[in-house]
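Colleague: Listed below, chain by chain, are the residues.
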Amino acid sequence: MRAAASAAMAHPELRQSPLLGYAALFLGIAMLPAFGAYPIFVMKVLCYALFACAFNLLIGFTGLLSFGHAAFLGTAAYCAGHALKVWGWPTPLGLAFGAAAAAAAGLVFGWLAIRRSGIYFAMVTLALSQMLYFVFLQSPFTGGEDGLQSVPRGDFLGLPLANDLTLYYVVLAIFIAAFWLIYRTVHSPFGQVLTSIRENEARATSLGYDVDRFKLVAFVLSAGLAGLAGATKTLVLGFATLTDALWTTSGLVILMTLVGGMGTMVGPIVGALVIIALENKIGDVGRTLAEWTDIAWFNSLGESVTLVTGLIFIACVLAFRRGVVGELSYRWRRRAERRAPGR
Amino acid sequence: MTELFGIPLPALLGQLLLGLVNGSFYALLSLGLAVIFGMLNIINFAHGALYMIGAFLAWMGLEYLGLGYWWMLLLAPLAVGLLGVLIERLLLQWLYKLDHLYGLLLTFGITLVAEGAFRSFYGVSGQPYPVPDALHGATNLGFMILPNYRAWVVAVSLVVCLGVWALIEKTSLGATLRAGTENPRLVQAFGVNVPRMVTLTYAGGAALAALAGVLAAPVLQVSPLMGSNLIIVVFAVVVIGGMGSILGSILTGLGLGVIEGLTKVFYPEASNTVVFVIMAIVLLLRPAGLFGRER
Chain A
1 MRAAASAAMA HPELRQSPLL GYAALFLGIA MLPAFGAYPI FVMKVLCYAL
51 FACAFNLLIG FTGLLSFGHA AFLGTAAYCA GHALKVWGWP TPLGLAFGAA
101 AAAAAGLVFG WLAIRRSGIY FAMVTLALSQ MLYFVFLQSP FTGGEDGLQS
151 VPRGDFLGLP LANDLTLYYV VLAIFIAAFW LIYRTVHSPF GQVLTSIREN
201 EARATSLGYD VDRFKLVAFV LSAGLAGLAG ATKTLVLGFA TLTDALWTTS
251 GLVILMTLVG GMGTMVGPIV GALVIIALEN KIGDVGRTLA EWTDIAWFNS
301 LGESVTLVTG LIFIACVLAF RRGVVGELSY RWRRRAERRA PGR
Chain B
344 MTELFGIPLP ALLGQLLLGL VNGSFYALLS LGLAVIFGML NIINFAHGAL
394 YMIGAFLAWM GLEYLGLGYW WMLLLAPLAV GLLGVLIERL LLQWLYKLDH
444 LYGLLLTFGI TLVAEGAFRS FYGVSGQPYP VPDALHGATN LGFMILPNYR
494 AWVVAVSLVV CLGVWALIEK TSLGATLRAG TENPRLVQAF GVNVPRMVTL
544 TYAGGAALAA LAGVLAAPVL QVSPLMGSNL IIVVFAVVVI GGMGSILGSI
594 LTGLGLGVIE GLTKVFYPEA SNTVVFVIMA IVLLLRPAGL FGRER
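Chains as they are written, first to last, in my numbering: chain A, 1 to 343; chain B, 344 to 638.
Hints are not guaranteed to be accurate.
To be verified - Cut-off 25 Å, straight-line C-alpha distance, at most; resulting in silico cross-link-like pairs (SDA-like, lysine to any residue):
#	chain 1	residue 1	chain 2	residue 2
1	B	Lys440	A	Gly143
2	A	Lys44	B	Gly459
3	B	Lys440	A	Arg331
4	B	Lys607	A	Gly326
5	B	Lys440	A	Arg322
6	B	Lys440	A	Leu157
7	B	Lys440	A	Phe134
8	A	Lys281	B	Gly459
9	B	Lys607	A	Gly143
10	B	Lys440	A	Asn200
11	A	Lys281	B	Ala460
To be clear, the hints were calculated from the coordinates, so they are not data collected in a lab.
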């Protein structure tokens, strides 16, 4: 153990071992349906996990808090849904179109928002996404309050997606590809510059980096990946609604990333799982609590998900800022340090 | 009938007044946001929720206690101010040493809790609240019919906004406050109880939001969602105006309300988005905001 830790410090290439862990994680996810997991649920979690990973690329690795990421999820959900349903495009093309539309929206949003930093950046992105929400609310192509219903799945490179299990592996493949892209980005020289911007923007500028350009590229990449998540979600669930573009969804993705651990690779996946499972199960929890405590109000807990997510938000910000994965890896590192006092 | 740009003048003036009413709410809320940000370095997302709670307290006062508008105009801001003290002492004070962003996230969580709680009891549909008897009806000014209550809202908001401006810019208390914004440690060294000042600042901002909520109750429907819809527009207002200047916040709020009202007349489809479009233009031309200085 101790030898392994010090070896990893001496030979940076040995730190690549997390890749094995990721491979095991994805193998495990691939086998979930065999253990009776409900494929649609896992696919939904994967879509939100991708959404959170894309968001984390900004907050965790570039230090930018976007409060408007729902705009990209919603844009892609509607554009992909429209391309698949109305224009009858092949599924891969529809997904790509959704992601591209979201990246284009990200280019405009990012171009405007990077003019301000810190807290203003968050407010600008929130306001811009609310503007897009009103555009979606009024445009005829989104179906207004009803949303875009019964989007066909079609087939993916010859595989018919009507079968849930086939769709499951396609979605997993999309997720792994996107995760790999994020991993490569974070661990590339480009990603190192992003981290340096997060740590000390002024110093990055003084070293000669065009900080605004790096931020913009990161923003567009994150928007495009969030779009891929939104397009895939439309494919899985067969509909796109206004909720996808609402500010509460922007808050949800922040919460997922915070719960899982900002700036960790796996954290957003854990966070998405926790929050989606909570949304699905909160009604049951409420009924159980009502039985235990005889307080009838708990029966309506299923309808007040926001109340519970709000409480989790407060608890996380006050006492659990590292998140699940961040906390675990922090403890693991401290243990490793204690066992190698020479450092 | 007199017309201007093909729109009957009374209709135009009516929308202008409605715009001023909305602008008053923008002004009251962005003023509170700016003062809180100056002192606490926190963007108070919960400002919309506090406004909503103010409106709900007015409604609940009438529904459960039989307390009318005038009582609640006084009591609701006091109660929400106390709530502000609790929020600041119990939650916010632990975040001052951290990145600003955590303050935004924490107050966002508070917003979700408040909204969720009121939704679970009252649903999402709005509750009507009557206009107080004394302000019923309308005055005929000759060129337009002036609804008394709307005129009252604009007048009260202006007086309160200017009062806050005078308090901060012209009194010694305000001078201490401004000094605390610039350099809290030095002010503390002079023997001022800065933590208490911070608490009172947050409570004051919260009370302003609640006052706006009570004023809004008879104009808009009292609903759990009324705050979050407003706060996002107010964020855009704050980005446009910048938070450096008190008068700047007031003017920007009122001006944008008027522009929004006029948009409703000339191009109703854009009335929801016009503030955001203006924000985008301001970001392009004057990134620091109209009255802002880059921090």
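Colleague: Take the hints in turn and mark each one as holding or not.
Modeller: Verification of the supplied hints:
Distance hint between B/Lys440 and A/Gly143 is unfulfilled; the C-alpha atoms sit about 46 Å from each other, more than 25 Å. In summary, the hint linking A/Lys44 to B/Gly459 is supported, as the alpha carbons are separated by about 24 Å, within the 25 Å threshold. With a CA separation close to 23 Å, the supplied pair B/Lys440 and A/Arg331 stays within the 25 Å bound. Between the alpha carbons of B/Lys607 and A/Gly326 the distance comes to roughly 49 Å, so the proposed pair goes past 25 Å and is violated.
Simply put, B/Lys440 and A/Arg322 have alpha-carbon atoms about 16 Å apart, close enough for the 25 Å limit, and the pair holds. For the given pair, B/Lys440 sits about 53 Å from A/Leu157 by alpha-carbon distance, which is inconsistent with the 25 Å threshold. The suggested pairing of B/Lys440 with A/Phe134 is violated, with an alpha-carbon distance near 37 Å, which exceeds 25 Å. With a C-alpha separation of about 17 Å, the suggested pair A/Lys281 and B/Gly459 falls inside the 25 Å cut-off, and the hint holds.
Among the hinted pairs, B/Lys607 with A/Gly143 is consistent with the structure: their alpha-carbon atoms are about 23 Å apart, no more than 25 Å. Taking the CA atoms of B/Lys440 and A/Asn200, the gap is about 17 Å. The hint holds against a cut of 25 Å. About 19 Å separates the Cα atoms of A/Lys281 and B/Ala460, which keeps this hinted pair within 25 Å; it holds.
When the structure is compared with the earlier hints, violations turn up for hints 1, 4, 6 and 7 and for no others.
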